[in-house]
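**Q** Sequence:
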Amino acid sequence: MQYWSLEGIEEILGKKVRVDRLDSRTQEREHTKTFACWVWTSDVAHIPTKHTLGVLPRGAGRVEEMQGYSSPDRRVAPPPTAADYTMLIHVDRVEDWSAPSPRSSHSA
1 MQYWSLEGIE
11 EILGKKVRVD
21 RLDSRTQERE
31 HTKTFACWVW
41 TSDVAHIPTK
51 HTLGVLPRGA
61 GRVEEMQGYS
71 SPDRRVAPPP
81 TAADYTMLIH
91 VDRVEDWSAP
101 SPRSSHSA
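Residue numbers (the UniProt record's numbering): 1 to 108.
These are calculated hints, taken from the structure and not from any lab test.
One or more hints might be untrue.
Each computed DSS-like pair below joins lysine-lysine, with the alpha-carbon atoms no more than 27 Å apart [stated by the list, open to error]:
#, residue 1, residue 2
1, 33, 50
2, 16, 33
3, 33, 15
4, 15, 50
5, 16, 50
Have a look at the derived ranges for each label pair, beta carbon to beta carbon [stated by the list, open to error]:
#, residue 1, residue 2, range
6, 5, 100, 29 to 39 Å
7, 18, 102, 22 to 32 Å
8, 94, 15, 14 to 24 Å
9, 60, 101, 48 to 58 Å
10, 53, 16, 11 to 21 Å
11, 81, 102, 57 to 67 Å
12, 100, 41, 16 to 26 Å
13, 8, 103, 36 to 46 Å
14, 88, 42, 15 to 25 Å
15, 102, 5, 39 to 49 Å
16, 15, 102, 28 to 38 Å
17, 101, 5, 31 to 41 Å
18, 55, 103, 45 to 55 Å
Source: prediction; values computed, not measured.
Note that the Cβ used here is the ideal one computed from N, Cα and C, for glycine as well.
Could you build all of it, start to finish, from the sequences and the hints given here?
**A** Shown next, in the form of structure tokens:
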């Protein structure tokens with residue numbers, strides 16, 4: 001999956017965070033080491049601080065030869081090892097759009 005997309009960011013941030021849009025710098029892909037987006041959430045604590053991405057080698061999990069059934073003595077290859085990359089998630093700015101609480105008659 002391409003993580004520099006709305007669907008990719010939704011997968012990284014989880015179900016408690018709603019992605020509003022990608023920042024224009026991310027859409028233009030000036031550089032792919034960072035991306036920026038605007039999100040909505042009921043609590044900033046729902047935004048994870050990191051996400052680990054496992055990248056498999058190209059072609060991993062594909063059967064190259066299948067012309068019938070495998071012979072009974074054919075051994076199954078071990079699963080490929082993934083290269084793990086940790087993405088750090090940084091909240092740059094928080095805007096509170098909740099309705100202000102009603103003021104009491106005693107406050108000045």
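**Q** Going back to the hint list, which numbers does this structure go against?
**A** none
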